Amino acid sequence: MRNSQSPAFSIARRELKAYFTGPIAYIVITIFLIITGVLFFNNFFLFNQAEMRNLFQLLPFMFTFAAPAVTMRLFSEERYSGSFEILMTFPVSTLQVVIGKFIAAMVFLMVMITPTLVYLFTILLVGRPDMGPIIGGYAGAILLGGASASVGLLTSAASKNQIVALMTGFALNFFLWLLGKIVIYLPDRLAFLQYLSTDFHFRNISRGVIDLRDIIYFLSIIALSILVTVKIIDERR
Amino acid sequence: MIRAESITKSYGTVRAVDSVSFNISMGNITGLLGPNGAGKTTTLRMLTGYLKPDSGTITVGGYNIEENPIEVKKLLGYLPESAPLYGDMLVYDYLNFVADMRGIEERKRIDEMGELCGIREVMHMNINELSKGYRQRVGLAQSMLHDPEILVLDEPTSGLDPNQIIEIRNIIREIGKKKTIILSTHILSEVEATCDRIIIISRGSIAADDRTENIQLSGKSGHIISILVGEAGFGELSGEIGKLPGVISVSESPGGALTGAMVTCGAHIDVRPEIFRLVSGKNWVLYEMKQEQKSLEKIFRDLTIGGGNA
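Chains A and B supply the protein sequences, listed in that same order. For the first sequence, the working numbering gives the first residue as 1, with consecutive numbering after it. For the second sequence, the working numbering gives the first residue as 1, with consecutive numbering after it.
Please note that a few of the clues may not be correct.
Have a look at the derived ranges for each label pair, beta carbon to beta carbon [said to hold, decoys possible]: (1) B:Lys178 - A:Gly82: 27 to 33 Å; (2) B:Asp147 - A:Gly82: 20 to 26 Å; (3) A:Tyr80 - B:Asp147: 27 to 33 Å; (4) B:Gly118 - A:Phe41: 53 to 59 Å; (5) B:Ser6 - A:Leu58: 55 to 61 Å; (6) B:Asn68 - A:Ser220: 47 to 53 Å; (7) B:Ile166 - A:Met110: 50 to 56 Å; (8) A:Ile35 - B:Asp111: 44 to 50 Å; (9) A:Leu117 - B:Asp147: 47 to 53 Å.
Only pairs whose alpha carbons sit at most 25 Å apart, straight line, appear in this in silico BS3-like list of lysine-lysine [stated by the list, open to error]: (10) B:Lys243 - B:Lys178; (11) B:Lys74 - B:Lys179; (12) B:Lys52 - A:Lys231; (13) B:Lys74 - A:Lys231; (14) B:Lys177 - B:Lys74; (15) B:Lys179 - B:Lys108; (16) B:Lys52 - A:Lys160; (17) B:Lys243 - B:Lys282; (18) A:Lys231 - A:Lys160; (19) B:Lys74 - B:Lys108; (20) B:Lys178 - B:Lys74; (21) A:Lys17 - B:Lys108.
Don't read these hints as lab results, they were simulated from the structure. A quick note: this is a predicted structure, and the numbers were derived from the prediction, not measured. C-beta atoms are modelled at their ideal positions from N, C-alpha and C, and glycine is treated no differently.
So that you can see chain A by itself, here it is in the shape it has in the complex (with noise of 0.2 Å):
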């Protein structure tokens, strides 16, 4: 089938569509700008840094939210409506769908965090930032964005009810985040869990070291998540 695109994309494409002409996009990326905003000027001036670390300290807890926002419907509405019969007659393999629903959620965080570049401006306009960590940690979200929004994907495909979809999916998300957090109340010997962590692995990267472990962990995350979706996907029929 050597048409001009490969049905993923266009699954991803009709995702997004589906995004921007209903409510929830702009509903997500409102309270995501809010939030981010007010945390990030909040002791802004009071340290007079130009630096965007508040910002990137917040992301990884911001994510394990907003990503399942994000990706609550993408199989739970199909299967609830009832087109998901219709998407899995199409002569499309159950990865192709799940890999275009995966890239409309990747697309849809990263026009939820490309405001926040107004940020990176203003500090541009006022001061000299080192930009190691700024790129860093906008490499950084867009992994740690695909590692949430993949979980998110897979919970969302294991029910039908959204807010199910999104419970379960923040649950996991913010359990990913939290491992790196409390390492530090845990004995010795299990400080290792700390390399399972979402935040860890982001406090990495983020600090403008990039590091090939890191982008495995991500990457092995997203493809972990995405296989598991298919798997349940499949074990439903």
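Place chain B on chain A using the hints.
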């Protein structure tokens, strides 16, 4: 074309479909008839590859559905029950999306389908705003966009008004001239009106499978012939007819100024010539004589209620 071999599907402890087998050849309209919850939708979902049978095999156009799902899906067009489309899309955008997914490059196919299904005037409307009849037609256009050899329609006319039902049926019959169609319904007159062959399904298994006219003629109680005669009283008429060989019973039926009678006779004897000779020999006047087909309604009830085929 389509071969299902003892397919079974359970939901939890409920056997929705219990080792059902059938063969559907090219160029027929086959009706899957059964009461609600008989397993029609589950059967169709397995044929289209949406559900996977717990056991049994399905081959479509020579391809095993589990081994070559993509090839099978290319051959099939499917309209699920109540046409679940993406409500937030415009009709044209939706069909365009389907064309992308089906790898159809010629966009004029969309216009052709719009013409055939009568949806040209709603192409730029939101699917959510369409009436049920239009939604169904958009669903039909969706299922036929890639000109599939086989069309699977789940309750294509449910919830439509009588005019819409006739329109949809006409479209189905039109396509059925060239393609293989399988449709499910619980409306009996629908299969009588559209299908060449009927598979009656009850509690997950096949209760009857034959050509429509054979099913209409089947039945243990024999034929019923209704007659309407002038210039003869019922007593006289029934007395004479009752003497004819093969006649089992004669009962009175309303005839207004004339005399009406229902003649029940054995399954393999046609008594109509005898009745005609009798009436004309007596110089009575025969206004009407008709062999009643046992209605599907009756056959359906006989087969699906207390049939002991659970």
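Do the hints match the structure? See the list:
1. B:Lys178 - A:Gly82: 27 to 33 Å: Because 28 Å falls inside the window, the suggested range holds.
2. B:Asp147 - A:Gly82: 20 to 26 Å: 24 Å Cβ-Cβ, so the 20 to 26 Å window holds.
3. A:Tyr80 - B:Asp147: 27 to 33 Å: Since tyrosine 80 (chain A) and aspartate 147 (chain B) have Cβ atoms about 31 Å apart, the given range 27 to 33 Å holds.
4. B:Gly118 - A:Phe41: 53 to 59 Å: holds, 58 Å
5. B:Ser6 - A:Leu58: 55 to 61 Å: holds, 59 Å
6. B:Asn68 - A:Ser220: 47 to 53 Å: Taking Cβ atoms as reference, asparagine 68 (chain B) and serine 220 (chain A) lie about 32 Å apart, which means the hint is violated.
7. B:Ile166 - A:Met110: 50 to 56 Å: holds, 51 Å
8. A:Ile35 - B:Asp111: 44 to 50 Å: Holds, at about 48 Å.
9. A:Leu117 - B:Asp147: 47 to 53 Å: Roughly 48 Å apart at Cβ, these two residues keep to the hinted range, so it holds.
10. B:Lys243 - B:Lys178: violated, 51 Å
11. B:Lys74 - B:Lys179: Holds, at roughly 14 Å.
12. B:Lys52 - A:Lys231: With Cα atoms ~14 Å apart, lysine 52 (chain B) and lysine 231 (chain A) stay inside 25 Å; holds.
13. B:Lys74 - A:Lys231: Roughly 23 Å between the alpha carbons, so the hint for lysine 74 (chain B) and lysine 231 (chain A) holds.
14. B:Lys177 - B:Lys74: holds, 20 Å
15. B:Lys179 - B:Lys108: Satisfied, since the Cα-Cα distance of roughly 21 Å is no more than 25 Å.
16. B:Lys52 - A:Lys160: Status holds; Cα separation ~19 Å.
17. B:Lys243 - B:Lys282: With a Cα-Cα distance of about 14 Å, the restraint between lysine 243 (chain B) and lysine 282 (chain B) holds, given a limit of 25 Å.
18. A:Lys231 - A:Lys160: holds, 16 Å
19. B:Lys74 - B:Lys108: holds, 19 Å
20. B:Lys178 - B:Lys74: holds, 17 Å
21. A:Lys17 - B:Lys108: It holds: about 23 Å lies between the C-alpha atoms, which stays within 25 Å.
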